[in-house]
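Got chain R; can you put chain Y on it based on the hints?
So the protein sequences, as listed, match chains R and Y. With the numbering used here, letter number 320 in the first sequence gets 320, and the count goes up by one each step, no holes. To convert, take the position in the second sequence, counting from 1, and add 771; that gives the numbering used here.
Note that these hints are calculated values from the structure, not bench results. Check the hints yourself; a few may be wrong.
[Unchecked claim] Just the calculated beta-carbon pair ranges, DEER-fashion: (1) E896/Y with E150/R: 23 to 31 Å; (2) N255/R with G879/Y: 54 to 62 Å; (3) K977/Y with I572/R: 53 to 61 Å; (4) E107/R with P824/Y: 32 to 40 Å; (5) K839/Y with E294/R: 44 to 52 Å; (6) S841/Y with F106/R: 32 to 40 Å; (7) D907/Y with E504/R: 14 to 22 Å; (8) E150/R with V821/Y: 45 to 53 Å; (9) P824/Y with E155/R: 51 to 59 Å; (10) K977/Y with D429/R: 28 to 36 Å.
These numbers come from a predicted model, not from an experiment. We put the beta carbon where it would ideally sit given N, CA and C, even for glycine.
Spelled out from the first residue to the last, the chains are:
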Amino acid sequence: MPKEIQIKVGFGDQFRDLTVRIQDDDVKPWQPGDRLSLIGQSTPRVDAVAKVTGTANYSYDQKPKGMIYGKILRSPHGNADIVSIDIDKAKKMPGVRAILTTPEIFEDESARYAGAEVAAVAADTEMQAEAALRAIEVEYDIKPHCVTVEDARKEGAPQVGRGEQVNVARISPRQRRGRRGSNSDMDERLARQEAAVGKVIQDSDVVVEGEFSTQVQTHAPLETHGSVCSWEDGRLICWASSQATFGFRNELTSNWGGVRAKSCQILSEYVGGGFGSKFSAGREGVLGALLAKEAGVPVHLLLDRSGEQLSAGNRPDSVQQMKMGVNKDGVIQGTRIRSWGTPGTGTGGAGAHNDGIYNIGEVDKIEYGVRTNTGGAEAHRAPGWPQGAFALEQMMDMAADEIGMDRVEFRKKNDEHPIRKVEYDIAKDRIKWNRSLTRNGGAETCQGLGIASNLWFSAGGGGASALVRITKDGQVEVRNGAQDIGTGTRTVMGMVVAEELGLEMNQVATRIGNTDDPQGPASGGSTTIGTVTPAARLAAYHAKKELMEIVADRKGWDASELDLKDQEVWRIGEGSTGMTFESACALMDDDAIEVLKGRPRRNYEGFSDTNAGVQAAHVEVNQATGAVKVLKVVAVADAGKILNPLTSESQVRGGVIQGVSFALFERRIMDRQKGRMLNDDFENYKILGSMDCPEIDVVLLDVYNGKSNTQVMGLGEPPIVATAAAVANAVSDALGVRMYDLPITPKKVLEAIAKRDAAKEVPAQKKGERL
Amino acid sequence: MVSKNKNPEKDGVSRRSFLQGAGAAAAAAGVARIPETVIAGQNGVATPEVLGPEAESILLKVNGADKKASAPPSTTLLDFLRNDVGVTGPKRVCDRGSCGACTVLLDGQVVDSCSMLAIDAVGKEITTVEGIGTPDNLSRLQKAFIEKDALQCGFCTPGMVVSCTALLEENPKPSRNQIREGLSGNLCRCGTYQNIIEAVEHVSRKGG
Numbered sequence: 001m002p003k004e005i006q007i008k009v010g011f012g013d014q015f016r017d018l019t020v021r022i023q024d025d026d027v028k029p030w031q032p033g034d035r036l037s038l039i040g041q042s043t044p045r046v047d048a049v050a051k052v053t054g055t056a057n058y059s060y061d062q063k064p065k066g067m068i069y070g071k072i073l074r075s076p077h078g079n080a081d082i083v084s085i086d087i088d089k090a091k092k093m094p095g096v097r098a099i100l101t102t103p104e105i106f107e108d109e110s111a112r113y114a115g116a117e118v119a120a121v122a123a124d125t126e127m128q129a130e131a132a133l134r135a136i137e138v139e140y141d142i143k144p145h146c147v148t149v150e151d152a153r154k155e156g157a158p159q160v161g162r163g164e165q166v167n168v169a170r171i172s173p174r175q176r177r178g179r180r181g182s183n184s185d186m187d188e189r190l191a192r193q194e195a196a197v198g199k200v201i202q203d204s205d206v207v208v209e210g211e212f213s214t215q216v217q218t219h220a221p222l223e224t225h226g227s228v229c230s231w232e233d234g235r236l237i238c239w240a241s242s243q244a245t246f247g248f249r250n251e252l253t254s255n256w257g258g259v260r261a262k263s264c265q266i267l268s269e270y271v272g273g274g275f276g277s278k279f280s281a282g283r284e285g286v287l288g289a290l291l292a293k294e295a296g297v298p299v300h301l302l303l304d305r306s307g308e309q310l311s312a313g314n315r316p317d318s319v320q321q322m323k324m325g326v327n328k329d330g331v332i333q334g335t336r337i338r339s340w341g342t343p344g345t346g347t348g349g350a351g352a353h354n355d356g357i358y359n360i361g362e363v364d365k366i367e368y369g370v371r372t373n374t375g376g377a378e379a380h381r382a383p384g385w386p387q388g389a390f391a392l393e394q395m396m397d398m399a400a401d402e403i404g405m406d407r408v409e410f411r412k413k414n415d416e417h418p419i420r421k422v423e424y425d426i427a428k429d430r431i432k433w434n435r436s437l438t439r440n441g442g443a444e445t446c447q448g449l450g451i452a453s454n455l456w457f458s459a460g461g462g463g464a465s466a467l468v469r470i471t472k473d474g475q476v477e478v479r480n481g482a483q484d485i486g487t488g489t490r491t492v493m494g495m496v497v498a499e500e501l502g503l504e505m506n507q508v509a510t511r512i513g514n515t516d517d518p519q520g521p522a523s524g525g526s527t528t529i530g531t532v533t534p535a536a537r538l539a540a541y542h543a544k545k546e547l548m549e550i551v552a553d554r555k556g557w558d559a560s561e562l563d564l565k566d567q568e569v570w571r572i573g574e575g576s577t578g579m580t581f582e583s584a585c586a587l588m589d590d591d592a593i594e595v596l597k598g599r600p601r602r603n604y605e606g607f608s609d610t611n612a613g614v615q616a617a618h619v620e621v622n623q624a625t626g627a628v629k630v631l632k633v634v635a636v637a638d639a640g641k642i643l644n645p646l647t648s649e650s651q652v653r654g655g656v657i658q659g660v661s662f663a664l665f666e667r668r669i670m671d672r673q674k675g676r677m678l679n680d681d682f683e684n685y686k687i688l689g690s691m692d693c694p695e696i697d698v699v700l701l702d703v704y705n706g707k708s709n710t711q712v713m714g715l716g717e718p719p720i721v722a723t724a725a726a727v728a729n730a731v732s733d734a735l736g737v738r739m740y741d742l743p744i745t746p747k748k749v750l751e752a753i754a755k756r757d758a759a760k761e762v763p764a765q766k767k768g769e770r771l
Numbered sequence: 772m773v774s775k776n777k778n779p780e781k782d783g784v785s786r787r788s789f790l791q792g793a794g795a796a797a798a799a800a801g802v803a804r805i806p807e808t809v810i811a812g813q814n815g816v817a818t819p820e821v822l823g824p825e826a827e828s829i830l831l832k833v834n835g836a837d838k839k840a841s842a843p844p845s846t847t848l849l850d851f852l853r854n855d856v857g858v859t860g861p862k863r864v865c866d867r868g869s870c871g872a873c874t875v876l877l878d879g880q881v882v883d884s885c886s887m888l889a890i891d892a893v894g895k896e897i898t899t900v901e902g903i904g905t906p907d908n909l910s911r912l913q914k915a916f917i918e919k920d921a922l923q924c925g926f927c928t929p930g931m932v933v934s935c936t937a938l939l940e941e942n943p944k945p946s947r948n949q950i951r952e953g954l955s956g957n958l959c960r961c962g963t964y965q966n967i968i969e970a971v972e973h974v975s976r977k978g979g
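If we strip away everything but chain Y, and leave its shape as in the complex, we get:
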């Protein structure tokens, strides 16, 4: 746990926490955290709590296991996963939330891990592609990806697998258009979209 973070947010990434992250990362300065209660106007007085810029001990639950490392509070979730605790499935491609290669699940919700802070993921269940299935225990979607050749260079694939898993979780019988919409946050440069759609349909036909 981040010792000073007594106020983990409840619902994924808010615009506010994203903006804090962006500003803090640019300046490598401290992160000012205003308690939710102040925002809501329910409390009269409170001082913004400043974290960093020194490294903090951060503990995250990644794919069911505790992962702990020391990192500045301005570290994005993606960089924490990749550089600090060695979870390299999520890829850094655009680093600003436009390509989806860094997609992970945060309490089951799809997020771009490059566009939120690691400290905002404290106390939540983080699932990366490594947590969807392993080489010895592939998920049905991963098997369908292999069978339908829904990957070429493979660099977008971890994000695609995570997004499609979430899509099928939410809607086990998506239409072709719903699949396209579900994938619209993930870019592939090699051109595997049609194969990915076929893989999702293959799983969907066999029943969620």
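Next comes chain R alone, as it looks inside the complex:
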């Protein structure tokens, strides 16, 4: 039965009392004024020693006895069907133990992009596997291709897909199928919406509009996708580079996955990055497992860098047409949005979140997915948000400038988030918003400031259990089978258990990334910490209760008066009894107390359902070369209760760095003639390096947020939402001309400067029009 408790929620000087209903065995969230010894203290990662000494064994590093190597053959053509595959020569090559083809395994004869999997070989050495790939003879039926949204949208463009698949499909609002409402009803509704919102915009004091575009960004985790697979007595053991251990296992045991293992264990103790691209086993995961089965020995199949760049996921590009009506008092009246993006050969998942964060009045928004003959998109750290925020935040600055209002004040006017309202002022103060800078002059370099906001929704949810074990000799261990992809989940899981048991960090062992342990979530939607830590705390709390009952029973004390603090048994409100944790454990009759607890499925009420966040960027632009240097980014972030400031700050810095990299450098370059990605490597696909890294000033707000017993919200995704938008606004501020396309390369900067200077020489253009 749920029970009601009183809690305080809020932050800074904004606190209020709430009555919430918690699951009856749940523990009350920490309250302001509670004496906490670890939570809120910067705590080094529990796996840091292994990582700095090279002893952390990633999937890529595994070498079970007898292991051989798998490699994948990929189609070189932009769009083709596989007619036949001759593996006879390859089979006879030295060291070759197994060959599989994708038409046979996946029942798919199409190879719709250059990089599509065609066959896979396992051989004793990598060189032998590569030699065998070269000996496979494939006959293709080569078709015309489209590799850009622009090409695929053209009248009479070649068909990307097969059968009835069209290149461009409306994805939001969805095309209806079946009996529930017809498409003509929907078309009529959209037409009415367009007319109504069009009138609202028309009737506003000021109208601004622009077309914005963003590029395809690959995830580029340093450890590539794939796994090392070993079949032992019919059981599949997979060391997988995965951000969803249980999802990976389900794919390999399911009927639809192709492998259909009766029993499967996934091991992902260390994962070299994921960023949203490692939820699925993927074709490489299935091929690795099946090659190992066929060869009868363990197989190492992790992608090479080219395969990773071509086939392992990316953030879709976008073209966003925005039109906004604003009144002179600063209130946005209405916004019209049309967007297009390519998720590869499918149509779903290429939307841009350009209608969130602010109140943008009446909205008329339609999104289209565009098929292209390119590698498929995967969820990429805040999917849809950085590209959407880029367009929205340029519009916010354009509108503010048009009505002559300060850019921050204009945002505040259209924003009700209680936390963000405070964050704006912190960001303004730390970036020195009102300072005078050399802007837009004849000087060789000019500088500018830009601001933008974050939004996220991530208090976690059901789907995790934790096992806490306290042994008679005082050892403590906590286990959850989810993964830590570099976020610090493992460390905070240990911290909440140590806090609950009144122990030091080094007294709690943590185990993670093993599907034989209790169920855990995928690292997606920034929900891992909010899902895993309440389960861990709950299990520790109940393990403690069991231990206190043993102590009370032996000593004739009252268990309800006992607690653990500072490695000793305390009497609540009085202080230490003098009994150490170890001597309390020694009173056990059994060898250990083991408690397995599931996280409550539902969250209760809290201070805020969303994370906010504001970022401000200070940039310098060289007007002679077009080079942009981001000097500083102030990132004000909140994520409910900050459990570990050290790793939280790292998450924010990481988001900012990937955001700057997206703003200035990264882009997939497609050869439109040959239909192939040109920069499937790290020389030509440029990610931000140490010389380009701005100073990042992170400010974390600690919010007693309620909702769960650890009150934490995720922080992986929110910090990347605003960065590119803030940088682009800063560049526009510096130059005095709007930037419409990412990445902001020197060429685009020089073109913008040329247009700006040309515009100065002709009579003033209509304001708000794109130059």
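Chain Y in isolation, oriented as in the chain R frame:
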């Protein structure tokens, strides 16, 4: 020792040996080795010596210990370390010298172990991250990495630790810009650069 390699080069990786490696690896063919003396034009006649493609016994000195295995002469130093003698600290990420995750020291010099041949490292002292410090005996830089949270997923970390160690060896009091330059061959995707710079500065302030 590679029995036929009588001519180990003196100064790290030359462009020539790199090109030999790249070509040989692609074709899995033999490696033609032209003695230095011929290149220098000091000797009139000499025939290029061909190694492989069969496996050779290769003996390397890694972190002070002898590591021996049989591998084709076209094997890169990185693959020899990882696949043949089980030293997996250096990571394979780009496999063509653009990311630094495979960084090791060769007689104290920073090299990308993916972009040179194992046989070109014969007779030299190879130091990987495992040789910088161990879990029971961390170097001061490794401790600073932990304290400053200069790692997230950790996959670039072995290369970063090796590069920063070499940087501090060469210049115990680097400026912030010199640290950035020293790290410019190493990519991190999670975004730990600022923390790494802070870790190096922390060690540098306390004295090299």
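Quick rundown of the hints versus the structure:
At roughly 55 Å, the beta-carbon separation of E896/Y and E150/R lies outside the given 23 to 31 Å, and the hint is violated. The beta-carbon spacing between N255/R and G879/Y, approximately 57 Å, falls within the hinted interval of 54 to 62 Å. Taken as a hint, the range 53 to 61 Å is violated for the pair K977/Y and I572/R, whose Cβ atoms sit roughly 43 Å apart. A C-beta distance of roughly 38 Å is found between E107/R and P824/Y, which places it inside the suggested range of 32 to 40 Å.
About 33 Å separates the C-beta atoms of K839/Y and E294/R, a value inconsistent with the hinted range of 44 to 52 Å. The hinted window of 32 to 40 Å between S841/Y and F106/R holds, with their beta carbons roughly 38 Å apart. Roughly 19 Å separates the CB atoms of D907/Y and E504/R, a value that falls within the hinted 14 to 22 Å. Checked against the given bound of 45 to 53 Å, the beta carbons of E150/R and V821/Y, roughly 52 Å apart, stay inside it.
At roughly 54 Å, the beta carbons of P824/Y and E155/R sit within the given window of 51 to 59 Å. Range check, K977/Y to D429/R: about 33 Å between beta-carbon atoms, so the 28 to 36 Å window is met.
Violated hints for the displayed structure, listed by number in ascending order: 1, 3 and 5.
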